[in-house]
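Colleague: Below, each chain spelled out in residue letters.
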Amino acid sequence: MSEQGLEKVLEVKDLVTRFHGEGGVATAVNSVSFDVWKGKTLGIVGESGSGKSVTALSIMRLIPSPPGKIEEGQILLRGQNILDLKESEMRGIRGNKISMIFQEPMTSLNPVFTVGNQIEEVLHLHQKDLLSKADRTDKAIEMLHLVGIPSPEKRVSEYPHQLSGGMRQRVMIAMALACGPDILIADEPTTALDVTIQAQILELMNKLQDDLGMSIILITHDLGVVAETCHEVAVMYCGQIVEFADVHTLFSSPSHPYTKGLLESIPSFDSTVDKKEGRLPTIEGMVPSLFDLPPGCSFQNRCFNVSQKCRGSESPPSEKLEKNHIIRCFHPVENQGERTHP
Amino acid sequence: MNIWIYILRRTLYIIPILVGVTFLIFVLFHLVAGDPTYLLLGKHASVSQMEALRTELGLDRPWFVQYWDVLKSSFTFDFGRSWASKQNILDMVKQGAIPSLTLTLPAFIIGLFLSIAISLFVSFHRGKPIDRVVVFITVALMSFPSLAYILFGQYFFGYKWGLFEISGYEFGFPYFIPYVILPGMIWVAVSLGPDVRFFRTLMLDEIYQDYVRTARSKGMTERAVLFKHVLKNAMIPIITHVMNQIPFLFLGSLLLESFFGIPGLGSLILEALNNNDFPTIKAMAVLIAVIYTFFNLVMDILYTVVDPRVRLG
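Listed in order, the protein sequences are those of chains A and B. Everything in the first sequence is counted per numbering that gives the first Met the number 0, starting at 0 for the first residue and increasing by one. Everything in the second sequence is counted per numbering that gives the first Met the number 0, starting at 0 for the first residue and increasing by one.
Next up, chain A with everything else stripped away, as it sits in the complex:
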């Protein structure tokens, strides 16, 4: 599943992350594989509890342990398996080669340190030998300028509570990009923001990607955000990637019943809205508990296309539909005709 001529920055292979709780074992990430290409954005979509964030935290190796544990698979950063690294070596990668920003800009910054101090801290951790104290302050101001914060010389000595939510997320981005990482993991970066600010932040991330050339893993439940920013999309359900495709294929010919259901539940001007009810279609049922997954396909209880085979003991394997289109389903949906972008 490659786009020719691109450099593979990160390769996740058969990743399995489990949580060992008192109620049993939950496989939060179940045999997940994907590649991240240089300068491209991979979107990971799914409902709450589908394993998106755990996948991201696994890549950072920040799964709280106990109870969590990465049990199988490989995470190759430019060919090197970071799961083999010692914790001290991993610290050299966090914030340096792979950075992460989070959903809650209001609480993700430490309230008792200045914005500048917190950006300088990441430089101090990774570029102590390269930059002096004064250099680090300059760099912090430069980063604030880069993420579009007005009068950064003044803002650098302010505290998080003096900034708005959108500004704080910009500070988070500045902090994450200060060391020039290969990969930026953005875990629902716009969910907690106003719609207008959301657009600004996404635009900023796109622009910075063009300028700096880093890869982005964007975790979201918002397919609109995916359409605007991502090159490739992985749809997750109950810890598995049920469909993987480039963004055009996914929106034009979704093949997994779950993906199809998700796309249909986006409000649009199409005829998908049930005229009589005036309501958007939804996916019936509930996400099953990870402690108690049914045998076979984990989507069986909600699928309109379910058969006896889906309820069997085998869960559907990863299958290649086309060159860059992978799906885990026994009965892929046939697609006729193009569907427009939402």
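Among these hints, one or two may not hold up.
What the hints assert, rightly or not - Straight line, CA to CA, 16 angstroms or less: simulated EDC-like cross-link-like pairs of lysine to aspartate or glutamate: (1) A:K85 with B:E221; (2) A:K319 with A:D245; (3) B:K127 with A:E21; (4) A:K138 with A:E152.
I should point out that these hints are in silico values taken from the structure, not numbers from a laboratory.
Following the hints, complete the assembly by docking chain B onto the known chain A.
Modeller: Leaving out everything else, chain B in the frame of chain A:
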């Protein structure tokens, strides 16, 4: 707002507080205590004797003049003389504060640092067996009555093994040291249980905050995360806790002082109560109020230093 203006304003707030507190003390003494001349002269005193004593003690003056004396004493610390010993009360307090503070202050500081260190340690190892063991020990420590610590401590450390003095006090450094070690250790042991539990809760409250996850995602060591990010955020409740305890350090520990025969302020109060020595009791009440308001002021100033979100309004 400028920090100095804030401090000045906050200091001026002390005036109405002290006026209120001293008034309350004054009224309570007059309502509850009744006429002290009976107490001092006994049942068979003549009227003229009582009149003379009233004049001598200044009790014949109007109430607001008498109140003014109490209020004034909270600024001048001139409390007059004790009825029992006829000594200057301020001198008595100074004399008593030394044994009290030499006992409580080192014990308090050691206990504070020990419990912060232990709570950081168990927060680092949260959820692991060592954490549970420490929590169990703190509960066990809390479950013993403090009297048991004193009795067992005196029996084993003092009587059986003869390691420390168990009664008395000598003024001057370093002579007081042998006398305060055992009561000091008991103070630490008694405070360790609740303090470790309290500080551990504070640390764990912070450790699951989002900014801690951010700090980890930057590549910080867990230890640096704890000492830099978590500890500074936990400072506000720690400061509150510490500042509320300091006034009681001046008071000394009634129980420890009486069991170990230490002539501190705790003993002073006890003695004053036994002797119906009203001026001394009144002086101690005023002093506690003054010390308490003073350290509250210090606390408010420290808040502004530690937490930028505290408005100087």
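Colleague: Next step is simple, just say for each hint if it's right about the structure.
Modeller: Quick rundown of the hints versus the structure:
As the CA atoms of K85 (chain A) and E221 (chain B) are separated by approximately 14 angstroms, the hinted pair is consistent with the 16 angstroms bound. Between K319 (chain A) and D245 (chain A) the CA atoms are separated by roughly 13 angstroms; this keeps the pair inside 16 angstroms, and the hint holds. Of the pairs offered as hints, the one joining K127 (chain B) and E21 (chain A) holds, with about 15 angstroms between alpha carbons and a cut-off of 16 angstroms not exceeded. Distance hint between K138 (chain A) and E152 (chain A) is fulfilled; the C-alpha atoms sit about 11 angstroms from each other, no more than 16 angstroms.
When each numbered hint is compared with the structure, no violation occurs for any of them.
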